[in-house]
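Undergrad: Protein chains in written order, with the working numbering: chain V, 1 to 377; chain R, 378 to 754.
Here are the computed lysine-lysine pairs in the BS3-like style, where the Cα-Cα straight-line distance is at most 25 Å:
(1) V/43 <-> R/420
(2) R/484 <-> R/551
(3) V/291 <-> V/43
(4) R/420 <-> R/668
(5) R/750 <-> R/668
(6) V/291 <-> R/420
(7) R/551 <-> R/488
(8) R/668 <-> V/43
(9) V/291 <-> V/373
Some chain R residues flagged as far from chain V (calculated, every beta-carbon gap over 10 Å):
(10) 548
(11) 660
(12) 668
(13) 748
Hints in this document: simulated from the structure, not taken from any laboratory. Don't be surprised by glycine CBs; every beta carbon is placed ideally from N, CA and C.
2 protein chains.
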Amino acid sequence: MADAFSFRLLGADGAARRGEIATPHGTVATPAFMPVGTQATVKGLAPEALRASGTEIVLANTYHLMLRPGAERIAALGGLHRFMNWIRPILTDSGGFQVMSLSKLRKVGDKAVTFRSHLDGAVVELSPERAIEIQILLGSDIAMQLDECLRLPAPQPELRRAMQLSLAWAERSKRAFEQAPPAKALFGIIQGGDDTVLRTESARVLTDIGFDGYAIGGLAVGEPQQVMLGIVEGVLSALPPDRPRYLMGVGTPEDLLEAVGRGIDMFDCVLPTRNGRHGLAFTRFGPINLKNARYADDPRPVDEASACAVSRDFSRAYLHHLVRANEMLGAILLTTINLAYYQDLMAGMRNAITAGMFADFCAATRESWAQGKASSS
Amino acid sequence: MADAFSFRLLGADGAARRGEIATPHGTVATPAFMPVGTQATVKGLAPEALRASGTEIVLANTYHLMLRPGAERIAALGGLHRFMNWIRPILTDSGGFQVMSLSKLRKVGDKAVTFRSHLDGAVVELSPERAIEIQILLGSDIAMQLDECLRLPAPQPELRRAMQLSLAWAERSKRAFEQAPPAKALFGIIQGGDDTVLRTESARVLTDIGFDGYAIGGLAVGEPQQVMLGIVEGVLSALPPDRPRYLMGVGTPEDLLEAVGRGIDMFDCVLPTRNGRHGLAFTRFGPINLKNARYADDPRPVDEASACAVSRDFSRAYLHHLVRANEMLGAILLTTINLAYYQDLMAGMRNAITAGMFADFCAATRESWAQGKASSS
Numbered sequence: 001m002a003d004a005f006s007f008r009l010l011g012a013d014g015a016a017r018r019g020e021i022a023t024p025h026g027t028v029a030t031p032a033f034m035p036v037g038t039q040a041t042v043k044g045l046a047p048e049a050l051r052a053s054g055t056e057i058v059l060a061n062t063y064h065l066m067l068r069p070g071a072e073r074i075a076a077l078g079g080l081h082r083f084m085n086w087i088r089p090i091l092t093d094s095g096g097f098q099v100m101s102l103s104k105l106r107k108v109g110d111k112a113v114t115f116r117s118h119l120d121g122a123v124v125e126l127s128p129e130r131a132i133e134i135q136i137l138l139g140s141d142i143a144m145q146l147d148e149c150l151r152l153p154a155p156q157p158e159l160r161r162a163m164q165l166s167l168a169w170a171e172r173s174k175r176a177f178e179q180a181p182p183a184k185a186l187f188g189i190i191q192g193g194d195d196t197v198l199r200t201e202s203a204r205v206l207t208d209i210g211f212d213g214y215a216i217g218g219l220a221v222g223e224p225q226q227v228m229l230g231i232v233e234g235v236l237s238a239l240p241p242d243r244p245r246y247l248m249g250v251g252t253p254e255d256l257l258e259a260v261g262r263g264i265d266m267f268d269c270v271l272p273t274r275n276g277r278h279g280l281a282f283t284r285f286g287p288i289n290l291k292n293a294r295y296a297d298d299p300r301p302v303d304e305a306s307a308c309a310v311s312r313d314f315s316r317a318y319l320h321h322l323v324r325a326n327e328m329l330g331a332i333l334l335t336t337i338n339l340a341y342y343q344d345l346m347a348g349m350r351n352a353i354t355a356g357m358f359a360d361f362c363a364a365t366r367e368s369w370a371q372g373k374a375s376s377s
Numbered sequence: 378m379a380d381a382f383s384f385r386l387l388g389a390d391g392a393a394r395r396g397e398i399a400t401p402h403g404t405v406a407t408p409a410f411m412p413v414g415t416q417a418t419v420k421g422l423a424p425e426a427l428r429a430s431g432t433e434i435v436l437a438n439t440y441h442l443m444l445r446p447g448a449e450r451i452a453a454l455g456g457l458h459r460f461m462n463w464i465r466p467i468l469t470d471s472g473g474f475q476v477m478s479l480s481k482l483r484k485v486g487d488k489a490v491t492f493r494s495h496l497d498g499a500v501v502e503l504s505p506e507r508a509i510e511i512q513i514l515l516g517s518d519i520a521m522q523l524d525e526c527l528r529l530p531a532p533q534p535e536l537r538r539a540m541q542l543s544l545a546w547a548e549r550s551k552r553a554f555e556q557a558p559p560a561k562a563l564f565g566i567i568q569g570g571d572d573t574v575l576r577t578e579s580a581r582v583l584t585d586i587g588f589d590g591y592a593i594g595g596l597a598v599g600e601p602q603q604v605m606l607g608i609v610e611g612v613l614s615a616l617p618p619d620r621p622r623y624l625m626g627v628g629t630p631e632d633l634l635e636a637v638g639r640g641i642d643m644f645d646c647v648l649p650t651r652n653g654r655h656g657l658a659f660t661r662f663g664p665i666n667l668k669n670a671r672y673a674d675d676p677r678p679v680d681e682a683s684a685c686a687v688s689r690d691f692s693r694a695y696l697h698h699l700v701r702a703n704e705m706l707g708a709i710l711l712t713t714i715n716l717a718y719y720q721d722l723m724a725g726m727r728n729a730i731t732a733g734m735f736a737d738f739c740a741a742t743r744e745s746w747a748q749g750k751a752s753s754s
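Next comes chain V alone, as it looks inside the complex (with noise of 0.2 Å):
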């Protein structure tokens, strides 16, 4: 649907798919895991330290931009990727997760959602269409439709009418979106809680509607891996397979490796940003928890061989220390070091989807975190 956007199967190992995407910004190898850069910053790295870690793509939170600094001065400032220096692609998310989980005297109606800001308490609202030209104001090289998350566990009913609504906001997302020029890309979402007929209804809606990508919103609230999974499973033998799959907000590297074997060909997450900031590593012999006292007589490095320079070359005596002494930069190590843990098991699952080996490749990766857990113990 937009030219400028396209998606290319390379491969498939079983469910597990190795792709390319490509936006006005540059391509994007699939599987891929795009960090978070909620306020127009992935969390104390710039750009250059960003893109060493091995990432291609990053994800920008709507909400939070339209609240501070404003799409409209992003716009006059020349578009979000200028702002804040990254040349390569962006996918902003439609805000719809944020209002319900930052915002405050929420009130859903069928026009629009009505939030008061966590900022300033200014009540604000955001509707399809304007979260549409927000994206689009922002430069996003993949917009994603404003959606209606709830909390799990939620009444069946309730579930069926946020995902309506949602399936309602989709066709709206998609009219603004087809009617504003330059139009990019744009991603339906899928919806409907932890109940595979409502996801299963939702997925095949969207489709009708088309999109160039499908992602699966409301998981990773709290719910078991297996019931995140399993909506997983029932969902994309719904979805076309010529197009993306993004699943939103996940995940652990446990997560990644079953959702890349189930078709998932992209992931956001918190977690090695927002962990990292909190003291915990993530390695190929599983998370260290930094914070912990036994480390701070430990001279070895996070990761010997890693391919990470941060890994090689400080000891996690010292992470310790500064994790300990609250020192900025023992956030900035830590996020460092977990981004490139998460680009560089996704590197491997790319590589080991062309080799036809994923299940080896999980086997080992699996193998190498108990090592992990053994050794500690």
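The hints should help you fit chain R onto chain V, whose structure is shown.
TA: Here is chain R on its own, set in the frame of chain V:
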């Protein structure tokens, strides 16, 4: 007195001096500015970024490191250079200033100073001998004697008492330093508050004891610049010309010009880093307060002709946004900009001294600052 340390005077222009300090971890061109790496990190900058700013030597704080993570621990981990992954020279202060400014229930005796840690309230004793021991454990390239700092203004008898105690401690520091291999370099610290007679006496006695370099301590604590410069002038004539002179805790860019013009070789100061964290950029056209709403829509970089990529690549509007949104990246980028500016200013002074154009350089620098003031009013 220490073989591994030397200072060579390479030239002079009036009272301003161009020199080179050699240490076991490399050389330092003087006049030199040392960023403050309080807790074994210059806040927000990895060693590579620090080096990219033009920094050749950093200062680390004995007081902070003895309390956390502990000097013996750092020694067991291979010393401070390896701990913080900074392979170039490190100067450590002795803790005297922080005991005055940070700790509670300080009690100064002849033998040592006793205080409560600002971290956990533990009672800690710091003697001249222990301050040397700690700095040797850290592996410092330049150690400082323990001194007693006073807040100004202070009564003359109190200034005299603290100055004389600092001299007694200087002698004990030197003895401890000489007995403790591996010795690198030890600087004495001139005290005496704002009293020129006391300062000159302090400088004379320290020179008799004999140190690798001489520091002027206890200034830049709120006194007018003219008072500080008066003390500097009075003291420098009492010091041997073949040893480096270090003005502690100074200063603004204007302070640096003035003090270099009087013959100071070394500086440390938190201004470029701390003010960077608070939204202020130091530039060729004077300081820019990026918190100011006037920058919200300003697409211009901080300085498009700067050698520092951050000064060229990010708009004032973006920096304003990051500062307002309290994003770590704002502190990181502004710290980078400020250290690059400070180091660029030092390099400019060094080149001007070599070329015999120091006065012209100062005039041009001040004119450039004034331009900024004129255009912003």
